[in-house]
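> These are the residues of each chain, in order.
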Amino acid sequence: MKNRTLTIMLSIFLFGCGPNADNENTPKQKLVIGGASGEELAENQVFRKNNGSDPGTLDPHRAEGVPASNVLRDLYEGLVSEAANGDYIPGVAESWTISDDGKSYRFKIRDDAAWSNGDNVVAEDFVFSLRRSVDPKTLSNYSSMLYPIKNARDVVLGNESPELLGVSAEGEKVLLIELEEPTPYFISLLTHSTTYPVHPPSVIEHGSSFTRPENMVSNGAFTLEDWRIQDYILLTRNTKYWDDKNTTLSNVYYYPLDNPDASLRRYRANELDFTDTTPSEQLPWIKENLKEELKITPYFGSYYYGFNNTKPPFKDNPELRMALSLAVNRTIITDIVLGAGQIPAFTFVPPVKEYKGIQPEWAGLTQEERENLAKDFYLKAGYSPSNPLSIEIIYNTSENHKRVALAVASMWKKTLGVETKLRNQEWKVFLETRRLKEETEIFRGGWIGDYDDPYTFSELLHSENEMNHSGYASNDYDALLKSASLKPAGRDRLNDLLQAEQIMLNDMPVIPLYFYVSQHLIKPWVVGLEGNVMDHHYSKYVKILKSETIASE
Amino acid sequence: MSNFRFVIGRFLGAIPTLLILICLAFFLVKAAPGGPFDFERSLPEEVEANLRAAYNLDDPVYLQLAKYIGDLLQGDFGPSFQYRDYTVTELISTGFPVSLRLGFAAILLALFFGSLIGSVAALNQNSKLDYGVMFFGMIGISIPNFVMAPLLVLFFSIGLKALPAGGYNGGDFYHMILPVVSLALPQMAYIARLTRGSMIEVLSSNFVRTAKAQGLSTKTILFSHVLKPTFLPVVSYLGPATAAIITGSVVVEQIFGLPGLGRYFVQGALNRDYTLVMGVVVFYGCLIILFNLIVDTLYGFIDPRIKQNR
Amino acid sequence: MKKTNSLLNDAWSALSKNKAALISAATMAAMVFMVLLGPIFSPYAIDEIDWSMIAAAPSFSDGHIFGTDDLGRDLFVRTMYGGRISLMVGLVATLVSVMIGVTYGAVAGFMGGRIDALMMRFVDVLYAMPFLFFVILLMVFFGRSIFLIFIAIGAVNWLDIARIVRGQTLNIKGKEFVDAAKTGGVSTIKIIMKHIVPNLLGVVVVYVALTVPQVILVESFLSFLGLGVQEPMTSWGALVNQGARQMESSPWMLLFPAVFLATTLFCFNFIGDGLRDALDPKDRTRGND
Numbered sequence: 001m002k003n004r005t006l007t008i009m010l011s012i013f014l015f016g017c018g019p020n021a022d023n024e025n026t027p028k029q030k031l032v033i034g035g036a037s038g039e040e041l042a043e044n045q046v047f048r049k050n051n052g053s054d055p056g057t058l059d060p061h062r063a064e065g066v067p068a069s070n071v072l073r074d075l076y077e078g079l080v081s082e083a084a085n086g087d088y089i090p091g092v093a094e095s096w097t098i099s100d101d102g103k104s105y106r107f108k109i110r111d112d113a114a115w116s117n118g119d120n121v122v123a124e125d126f127v128f129s130l131r132r133s134v135d136p137k138t139l140s141n142y143s144s145m146l147y148p149i150k151n152a153r154d155v156v157l158g159n160e161s162p163e164l165l166g167v168s169a170e171g172e173k174v175l176l177i178e179l180e181e182p183t184p185y186f187i188s189l190l191t192h193s194t195t196y197p198v199h200p201p202s203v204i205e206h207g208s209s210f211t212r213p214e215n216m217v218s219n220g221a222f223t224l225e226d227w228r229i230q231d232y233i234l235l236t237r238n239t240k241y242w243d244d245k246n247t248t249l250s251n252v253y254y255y256p257l258d259n260p261d262a263s264l265r266r267y268r269a270n271e272l273d274f275t276d277t278t279p280s281e282q283l284p285w286i287k288e289n290l291k292e293e294l295k296i297t298p299y300f301g302s303y304y305y306g307f308n309n310t311k312p313p314f315k316d317n318p319e320l321r322m323a324l325s326l327a328v329n330r331t332i333i334t335d336i337v338l339g340a341g342q343i344p345a346f347t348f349v350p351p352v353k354e355y356k357g358i359q360p361e362w363a364g365l366t367q368e369e370r371e372n373l374a375k376d377f378y379l380k381a382g383y384s385p386s387n388p389l390s391i392e393i394i395y396n397t398s399e400n401h402k403r404v405a406l407a408v409a410s411m412w413k414k415t416l417g418v419e420t421k422l423r424n425q426e427w428k429v430f431l432e433t434r435r436l437k438e439e440t441e442i443f444r445g446g447w448i449g450d451y452d453d454p455y456t457f458s459e460l461l462h463s464e465n466e467m468n469h470s471g472y473a474s475n476d477y478d479a480l481l482k483s484a485s486l487k488p489a490g491r492d493r494l495n496d497l498l499q500a501e502q503i504m505l506n507d508m509p510v511i512p513l514y515f516y517v518s519q520h521l522i523k524p525w526v527v528g529l530e531g532n533v534m535d536h537h538y539s540k541y542v543k544i545l546k547s548e549t550i551a552s553e
Numbered sequence: 001m002s003n004f005r006f007v008i009g010r011f012l013g014a015i016p017t018l019l020i021l022i023c024l025a026f027f028l029v030k031a032a033p034g035g036p037f038d039f040e041r042s043l044p045e046e047v048e049a050n051l052r053a054a055y056n057l058d059d060p061v062y063l064q065l066a067k068y069i070g071d072l073l074q075g076d077f078g079p080s081f082q083y084r085d086y087t088v089t090e091l092i093s094t095g096f097p098v099s100l101r102l103g104f105a106a107i108l109l110a111l112f113f114g115s116l117i118g119s120v121a122a123l124n125q126n127s128k129l130d131y132g133v134m135f136f137g138m139i140g141i142s143i144p145n146f147v148m149a150p151l152l153v154l155f156f157s158i159g160l161k162a163l164p165a166g167g168y169n170g171g172d173f174y175h176m177i178l179p180v181v182s183l184a185l186p187q188m189a190y191i192a193r194l195t196r197g198s199m200i201e202v203l204s205s206n207f208v209r210t211a212k213a214q215g216l217s218t219k220t221i222l223f224s225h226v227l228k229p230t231f232l233p234v235v236s237y238l239g240p241a242t243a244a245i246i247t248g249s250v251v252v253e254q255i256f257g258l259p260g261l262g263r264y265f266v267q268g269a270l271n272r273d274y275t276l277v278m279g280v281v282v283f284y285g286c287l288i289i290l291f292n293l294i295v296d297t298l299y300g301f302i303d304p305r306i307k308q309n310r
Numbered sequence: 001m002k003k004t005n006s007l008l009n010d011a012w013s014a015l016s017k018n019k020a021a022l023i024s025a026a027t028m029a030a031m032v033f034m035v036l037l038g039p040i041f042s043p044y045a046i047d048e049i050d051w052s053m054i055a056a057a058p059s060f061s062d063g064h065i066f067g068t069d070d071l072g073r074d075l076f077v078r079t080m081y082g083g084r085i086s087l088m089v090g091l092v093a094t095l096v097s098v099m100i101g102v103t104y105g106a107v108a109g110f111m112g113g114r115i116d117a118l119m120m121r122f123v124d125v126l127y128a129m130p131f132l133f134f135v136i137l138l139m140v141f142f143g144r145s146i147f148l149i150f151i152a153i154g155a156v157n158w159l160d161i162a163r164i165v166r167g168q169t170l171n172i173k174g175k176e177f178v179d180a181a182k183t184g185g186v187s188t189i190k191i192i193m194k195h196i197v198p199n200l201l202g203v204v205v206v207y208v209a210l211t212v213p214q215v216i217l218v219e220s221f222l223s224f225l226g227l228g229v230q231e232p233m234t235s236w237g238a239l240v241n242q243g244a245r246q247m248e249s250s251p252w253m254l255l256f257p258a259v260f261l262a263t264t265l266f267c268f269n270f271i272g273d274g275l276r277d278a279l280d281p282k283d284r285t286r287g288n289d
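Chains as they are written, first to last, in the numbering used here: chain A, 1 to 553; chain B, 1 to 310; chain C, 1 to 289.
Please keep in mind that the hints were generated in silico from the structure rather than gathered at the bench. Wrong hints could be hidden among the right ones.
What the hints assert, rightly or not - Computed spacing ranges between beta-carbons, pair by pair: (1) C:176 to B:232: 23 to 33 Å; (2) C:61 to A:291: 22 to 32 Å; (3) B:173 to A:390: 53 to 63 Å; (4) C:112 to B:108: 35 to 45 Å.
Virtual Cβ for every residue (Gly too), placed ideally from N, Cα, C.
Please take these sequences and the hints and turn them into a complete structure.
Rendered as C-alpha cells:
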C-alpha cells in the first residue's frame with residue numbers, strides 16, 4: 001500500500017491552483033486597503049460586522065445559513081481552514097495524506113491544537129463530532145453534506161448506528177476518514193461547519209445548551225463572550241488558539257440587522273465597519289459617495305428562473321421555454337436593475353476553478369437577434385401576440401427579487417406580448433409552493449455553492465434531487481452526473497459535467513439570469529480581508545488601523 | 001370593597017378571553033402554509049421526522065393544544081423553532097424589557113408633552129402659538145414613523161453625529177433618544193389635539209363660567225375645575241395609544257435594530273417560529289387585558305359616575 | 001324621520017361655518033377627482049418601465065412631472081394609482097367595520113338584557129386581542145391581496161363603533177317614537193333598520209371620517225413590513241416607504257407621495273373634527289351639564 005504524501009502544496013495542485021489562480025476573466029479583487037494613517041494599529045482592536053440576521057443556533061452541526069457560518073468560522077476550526085483569499089490551508093490538521101484510490105484520508109492533527117479551556121484537540125474529538133453530525137438524533141439540517149463519508153447516508157437515514165460511520169482515530173493525533181467514492185471536493189467540505197469539532201465533555205454535560213456563552217468551549221481563533229438575541233454576538237480572542245500569536249483583534253461584534261437601509265445608516269454613522277450587503281436601489285448613491293469603501297467580488301452563486309416542467313404550458317414545450325429565455329435582456333438586469341457588477345449568465349453553473357460552462361450559441365448573438373429568435377420560438381410554441389401566453393412568476397418577498405421580476409415581466413411583455421402576473425410569497429410559504437410544484441409556473445431560484453466544485457450546482461437538476469424544483473428529468477443528464485461522481489478529480493470528470501450542462505441548456509428547464517457578486521461596505525481602517533468566491537471571511541486575519549474617526553462603543 | 005370585587009371579577013372574566021385568544025392564535029398558526037422545517041436545502045426525511053417528533057408536531061392538533069395550554073399554566077411557552085437552543089420564555093423575558101422600556105418612555109413622553117402643549121394651546125386659543133401647536137399636531141399625525149425615524153437618524157446621527165443611529169447598548173439614555181422620540185411623536189401630537197379640544201370645551205362650559213363669575217382665580221379654576229374633566233378623554237385614549245405604541249415599536253425596533261418583542265414577532269412570523277409567534281401574541285394579550293383593567297380602574301377613580309354604569 | 005333631517009340641517013349649518021373642514025372637503029374632492037382622472041392625461045402606464053430613465057428627477061419636458069422611480073416608472077401615474085388603492089382601502093375597510101359595528105351595536109343595544117350583556121362581553125374579549133399581530137400573521141401566512149387587507153383591517157376596527165352605537169341605541173330606544181312603533185307591532189328588525197340606524201347617522205359619519213386616515217396609516221405600516229399590495233400595483237404607503245429609503249438620492253420619490261398621503265390625512269382629520277363639532281350629540285348635551 002503506497003500512499004502519496006500530499007503536503008499542502010500538493011493538495012492545492014489537486015484542485016487546479018486553488019481558487020486564486022483560476023479564471024483569467026474574473027481577476028481577483030483584493031480588498032486589502034491601507035488606512036489613511038499608515039500601518040499604525042488602533043488601540044481598540046474591535047471589528048463590528050453586520051451579519052444580516054441572527055443565527056438560529058451556534059451549534060456547528062445544527063446551524064443553517066450564511067449568518068451562522070460566518071460566526072462559526074471564527075469560533076471553530078475544522079481540519080482544513082482557508083486563507084484570506086479562500087485557498088485551502090491546514091487548519092487543525094497540519095497535514096494529510098490521501099490513498100491512491102482517493103477513498104481514504106489520513107489527517108495529522110496539530111500537537112498544539114487546543115480547546116479554549118486548555119484541553120488538547122485530539123482525533124477522538126473529531127470521531128465524536130462527525131458521528132454526532134450525522135446522527136439523526138442531532139437534528140442536523142446539513143447532515144446530507146456528509147454523504148461522501150462511508151456509511152453516512154445510512155446513518156442519516158436511520159438505517160445504521162453512528163458508530164459505523166467511516167471515521168476512526170489512530171492514536172491521539174491521527175484521524176482516518178473513509179469515503180464511499182473518491183470525492184474530489186472532499187477537502188472543501190472540511191471547511192464547512194458540519195465537520196467542525198465540538199468539545200465532547202461540554203456537549204455531554206450541557207446538552208443543547210452547550211452553545212450558551214457561559215458553557216461554550218471552542219477551538220477557533222475566538223470564543224463566545226456574549227450573545228444578546230437580536231442585539232449582537234460578541235466574540236473575544238481565544239488565547240489558547242494554536243495560532244493566537246497571529247491574531248490581532250481582541251473582539252468581534254456580529255449585529256443581526258436585517259434591514260439593509262438601517263445597516264447602511266449605521267455604517268455611515270461609524271457604528272459598523274462591515275456590512276453584509278448593500279441595498280441595490282441605493283447603489284448609485286453609494287457608488288457616488290462611498291466608492292472607495294464598496295467592495296464587490298464574484299460570488300459562487302447562480303440566480304435563475306425555473307419553469308415548472310411537470311405541468312402545462314411548459315411541460316414538453318422546449319420552444320416556449322427557449323423563447324422566454326431568449327427574450328430576457330440579462331445585461332439590463334445586471335447593469336441597471338441590480339448594478340453591482342453581477343455577471344450575465346447564459347449557463348447555469350458559475351465558473352469555478354477549471355470549470356467554465358460552454359456558452360450556448362445564442363449567447364454570442366446581440367440582444368436584438370435573440371429577441372427575433374425568441375419571437376420565432378414563441379410562434380412555434382403556438383402563441384402569438386393575438387393569442388398571448390399568460391403566466392405567473394412566484395418569488396419570495398425581497399426588494400431585489402421584486403425588481404428583477406418586474407424587469408423580466410416587462411421584457412416578456414414588450415418582446416412577446418406575454419401577460420405576466422407577479423406573486424410574492426413569504427420565504428417559508430414560497431419554499432413550500434415551490435417544492436409542491438402544484439401552483440408554480442415560473443419561480444425564482446438561486447443557489448450558492450456549498451463547496452467550490454461545479455457538482456454543487458449540477459446535482460440540483462438531477463431528476464431525483466429534492467431541490468430540483470423545476471421537475472427537470474433527463475436520463476442523459478442523470479447518467480453523466482453518475483459517471484462524473486465515480487471519477488477522480490480531473491479533466492475527464494469535468495468534461496462529464498460540462499456535457500451534462502450542455503444537454504440541460506438545450507432543454508432549457510431553467511432560465512439562467514446572472515451570477516452573484518458579494519457586496520460589502522468596508523471601512524478604510526479595516527485591513528486583512530480579501531475578496532474570495534465563497535465570500536468566506538475570517539476575523540483572525542483582520543487588523544484595525546488607527547483612525548481618528550473610529551467611534552468607541 | 002366594591003372596588004376589590006370589581007377587580008377580582010374582571011380578572012376572572014379574563015380567563016375565557018385568554019382561552020379564546022390562545023385557541024385563535026393556535027389554529028391560525030397551524031393553518032398557515034409552509035412549515036418551520038422548510039429550508040432552501042431540503043431536509044432528509046429521517047431528520048425531518050425526528051424534528052417533528054421533537055416538537056410534538058405529530059400528535060393530533062387538539063392534543064397539541066391541550067399540551068400547549070398545560071405548559072402555559074406552568075409558565076412554559078415551549079421551545080423556539082428559530083432559536084433552537086432557547087425557549088420562548090427566555091426569548092420573551094429578554095425581549096420584553098426592551099419593548100417595555102421603549103414603550104413606557106414613549107407613552108410618558110407623549111403624555112407629558114402632549115397634554116402640556118395641548119393645554120398651552122387651549123389657554124391661548126386662536127393665537128399664533130395655538131396655530132403652531134395645531135400645525136405640529138397635524139404633521140405628527142400625518143407622517144408615518146418609518147419616514148420620521150430615518151429622517152431623525154440622517155439629521156442627528158449622520159449629519160450632526162450627535163446621537164447613535166441604532167443599537168440598544170443595554171438601553172442607555174443616548175441610544176434610546178431617537179427611538180423613543182420617533183415612537184412618541186405621533187401619539188404626542190394626537191394627545192395634544194385631544195387635550196386642546198377637550199380643554200376648550202371645558203373652559204367654555206357653564207360651571208367654569210360660573211366659577212369665573214364668582215371671581216375665583218384662574219389658577220384655582222384651572223386646577224380644581226378644569227384639569228380633571230379635560231383629561232378624561234386623554235385617559236380613555238390611553239388604551240388606543242398603547243396599542244399604537246406597540247404597533248409602532250415593530251417599526252422602530254426594526255429601524256433602530258433594537259432587540260424588542262416586536263422584532264421577535266416579525267422574525268418569528270417570517271420563520272414560522274410557531275411557538276415564538278404564539279408566545280408573543282398570548283403575552284401581549286395578557287398585557288392588554290391587564291392594561292384595560294388598569295385604565296378602567298383609573299377612569300373610575302377620576303370619574304366616579306362610570307362605576308355606577310357598569 | 002323628521003328629526004334626522006333637522007339634525008342634518010343643523011349639522012350642515014354648523015359645518016359650513018367651519019372653514020378648515022370646508023377647505024378640507026374641497027381639497028379631498030379635488031384629490032379624488034385627480035386620482036381617478038389623472039392617469040388618463042399621462043402617456044405612461046403604471047407598470048411601464050423605461051430603462052433609460054431610472055430615478056429621473058421631475059421634468060415637464062419628458063412628461064414625467066413627478067419624476068420616475070428606481071425602475072424608471074412614471075411616478076405621477078404611480079402616485080395616482082397608489083391613491084386609488086389607499087383611498088379605497090381606507091373607505092372600504094371603514095365601511096366593512098361600520099357595517100359590522102353598527103349592526104352589532106344596534107342589535108345589542110336594542111335587545112338589551114342578557115343578550116346585550118353577552119354580546120358586549122364578546123366585544124370585551126376581542127378588545128384583548130393584539131389585532132395588528134393577527135393582521136400581520138394573516139398577511140404573512142396567506143399572501144397579500146387587497147381583499148384580505150379590507151377584511152383584516154375592517155374586522156379589527158368594528159369594535160369601537162359597536163360600542164358607540166350600542167350606547168346611542170340605548171339612548172334612542174327610550175324615545176317615544178320607538179315605543180310607538182313597538183306597540184304598533186312593527187318587527188324588531190324593522191324597528192332597528194327604520195328607526196334606530198338612521199338616528200345613528202351622525203355618530204357613524206364622524207367615525208368614518210376619523211377612521212379612514214387611521215386605516216390608510218395601517219396600510220402604510222403593512223407596506224413597511226413588505227406586506228402591502230402586490231406589485232406592480234401600489235399604494236401611497238408603499239410609495240412613501242420606497243421613497244423614504246431613497247430620500248437622499250431621489251427626494252422626489254418620497255416627496256410627492258408623502259404630500260398626497262399627508263394631505264389626505266390632514267383633510268380627513270379636519271373633516272372629522274368639523275363633523276364631530278357639528279353632529280356629536282354628546283357634545284350638545286355636555287354644554288348644558
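> All the hints need checking, so say for each whether the structure fits it.
A quick look at each hint next to the structure:
About 31 Å separates the C-beta atoms of residue 176 of chain C and residue 232 of chain B, a value consistent with the hinted range of 23 to 33 Å. Take residue 61 of chain C and residue 291 of chain A: their Cβ atoms lie about 31 Å apart, and the range 22 to 32 Å holds. At about 57 Å, the CB distance of residue 173 of chain B to residue 390 of chain A agrees with the hint of 53 to 63 Å. In this structure the supplied range 35 to 45 Å holds for residue 112 of chain C paired with residue 108 of chain B, their Cβ-Cβ distance being about 41 Å.
Consistency note: the structure conflicts with none of the earlier hints.
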